[in-house]
Amino acid sequence: GEDVEQSLFLSVREGDSSVINCTYTDSSSTYLYWYKQEPGAGLQLLTYIFSNMDMKQDQRLTVLLNKKDKHLSLRIADTQTGDSAIYFCAEQRTGAGSYQLTFGKGTKLSVIP
Amino acid sequence: EPEVTQTPSHQVTQMGQEVILRCVPISNHLYFYWYRQILGQKVEFLVSFYNNEISEKSEIFDDQFSVERPDGSNFTLKIRSTKLEDSAMYFCASSPRWTEAFFGQGTRLTVV
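Residue numbers (our numbering), protein chains in the order written: chain A, 370 to 482; chain B, 124 to 235.
The set of hints was computed from the structure by calculation and includes no laboratory data. A portion of the hints provided could be inaccurate.
Have a look at the derived ranges for each label pair, beta carbon to beta carbon [claimed, not checked]:
no., chain 1, residue 1, chain 2, residue 2, range
1, B, GLY195, A, SER386, 42 to 48 Å
2, B, ARG203, A, SER396, 37 to 43 Å
3, A, ALA410, B, ARG220, 23 to 29 Å
4, A, LYS436, B, ASN151, 40 to 46 Å
5, A, SER380, B, GLY163, 17 to 23 Å
6, A, PHE419, B, ILE177, 23 to 29 Å
7, B, LYS206, A, GLY451, 36 to 42 Å
8, A, SER386, B, ARG220, 30 to 36 Å
9, B, THR128, A, THR394, 28 to 34 Å
10, B, TYR173, A, ILE481, 42 to 48 Å
11, A, LEU430, B, ARG145, 28 to 34 Å
12, B, ASN151, A, LYS425, 21 to 27 Å
Heads up, simulated DSS-like pairs for lysine-lysine below, C-alpha to C-alpha not over 27 Å straight-line [what the hints assert, rightly or not]:
no., chain 1, residue 1, chain 2, residue 2
13, A, LYS474, A, LYS439
14, A, LYS439, B, LYS180
15, A, LYS437, B, LYS201
16, A, LYS439, B, LYS206
17, A, LYS436, A, LYS477
18, A, LYS437, A, LYS474
19, A, LYS477, B, LYS165
20, A, LYS436, A, LYS425
21, A, LYS477, A, LYS425
22, A, LYS474, A, LYS436
23, A, LYS474, B, LYS201
24, B, LYS180, A, LYS474
25, B, LYS165, A, LYS425
26, A, LYS439, A, LYS477
27, B, LYS201, B, LYS165
28, B, LYS180, B, LYS206
29, A, LYS436, B, LYS165
30, B, LYS165, B, LYS180
31, A, LYS425, A, LYS437
32, B, LYS206, B, LYS165
33, B, LYS180, B, LYS201
34, A, LYS474, B, LYS165
35, A, LYS425, A, LYS439
36, A, LYS474, A, LYS425
37, A, LYS474, B, LYS206
This structure is a prediction, so every number in the text was calculated from the model and none was measured. Even glycine gets a Cβ: it sits at the ideal position worked out from N, Cα and C.
Construct the entire structure; sequences and hints are all you get.
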């Protein structure tokens with residue numbers, strides 16, 4: 370596809386795991402990112418993964434990368450109400466000095482107490 | 124923790140007026156960016172800046188837009204003659220290398 374795609378909404382119960390999925394466009398993209406945006410705030414860099422990796426874990430966050438399917442996921446373990454936010458997937462296609470990020474539309478995560 | 128700061132948080136301007144959006148990147152970062160997000164749409168790349176010059180710009184970044192790093196600490200985006208469709212949230216970002224961009228909280232520009 371031509372776009373970075375994400376589902377728009379996800380609702381989970383507090384304490385459960387959340388999995389946010391993303392498909393990206395370019396199998397040669399070098400870096401893939403997850404950003405979090407809380408209401409009224411900027412984009413907070415959560416984590417990123419280099420394309421030669423399959424998985425990256427950082428405390429409650431696990432990123433899985435399937436390059437063959439161009440699929441990226443973010444798993445949040447033990448989801449808390451403070452995790453309620455919009456989560457953006459972004460790819461960084463590299464080549465010819467291009468550093469720009471291409472974002473998905475964002476997935477709004479709602480955590481039910 | 125160091126952060127990117129943007130001012131003002133909200134700017135209202137009349138169509139045709141010039142606006143300058145200001146950003147203070149993280150101090151040891153070398154790459155600087157502007158992105159924008161029109162309400163309900165994706166975050167879009169505008170421009171990147173490195174070594175005192177534009178390194179990349181998108182189709183959106185036409186002659187109405189310019190960027191400057193006037194004093195080694197600030198990074199500004201100027202829109203020369205604003206249009207209604209320029210209304211958006213504008214995000215500044217910086218990075219120590221070409222990866223790991225850190226974003227500011229954004230400036231909401233409303234053109235009336």
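Hint-by-hint comparison with the structure:
no., hint, result
1, GLY195(B) / SER386(A): 42 to 48 Å, "holds, 45 Å"
2, ARG203(B) / SER396(A): 37 to 43 Å, "holds, 39 Å"
3, ALA410(A) / ARG220(B): 23 to 29 Å, "holds, 25 Å"
4, LYS436(A) / ASN151(B): 40 to 46 Å, "violated, 32 Å"
5, SER380(A) / GLY163(B): 17 to 23 Å, "holds, 20 Å"
6, PHE419(A) / ILE177(B): 23 to 29 Å, "holds, 27 Å"
7, LYS206(B) / GLY451(A): 36 to 42 Å, "holds, 38 Å"
8, SER386(A) / ARG220(B): 30 to 36 Å, "holds, 32 Å"
9, THR128(B) / THR394(A): 28 to 34 Å, "holds, 32 Å"
10, TYR173(B) / ILE481(A): 42 to 48 Å, "holds, 44 Å"
11, LEU430(A) / ARG145(B): 28 to 34 Å, "holds, 32 Å"
12, ASN151(B) / LYS425(A): 21 to 27 Å, "holds, 24 Å"
13, LYS474(A) / LYS439(A), "holds, 17 Å"
14, LYS439(A) / LYS180(B), "holds, 26 Å"
15, LYS437(A) / LYS201(B), "violated, 42 Å"
16, LYS439(A) / LYS206(B), "violated, 37 Å"
17, LYS436(A) / LYS477(A), "holds, 24 Å"
18, LYS437(A) / LYS474(A), "holds, 22 Å"
19, LYS477(A) / LYS165(B), "holds, 13 Å"
20, LYS436(A) / LYS425(A), "holds, 14 Å"
21, LYS477(A) / LYS425(A), "holds, 22 Å"
22, LYS474(A) / LYS436(A), "holds, 21 Å"
23, LYS474(A) / LYS201(B), "holds, 26 Å"
24, LYS180(B) / LYS474(A), "holds, 21 Å"
25, LYS165(B) / LYS425(A), "holds, 26 Å"
26, LYS439(A) / LYS477(A), "holds, 21 Å"
27, LYS201(B) / LYS165(B), "holds, 21 Å"
28, LYS180(B) / LYS206(B), "holds, 19 Å"
29, LYS436(A) / LYS165(B), "holds, 23 Å"
30, LYS165(B) / LYS180(B), "holds, 17 Å"
31, LYS425(A) / LYS437(A), "holds, 17 Å"
32, LYS206(B) / LYS165(B), "holds, 19 Å"
33, LYS180(B) / LYS201(B), "holds, 14 Å"
34, LYS474(A) / LYS165(B), "holds, 5 Å"
35, LYS425(A) / LYS439(A), "holds, 16 Å"
36, LYS474(A) / LYS425(A), "holds, 23 Å"
37, LYS474(A) / LYS206(B), "holds, 24 Å"
Checked against the numbered hints listed earlier, the structure breaks hints 4, 15 and 16; every other hint is satisfied.
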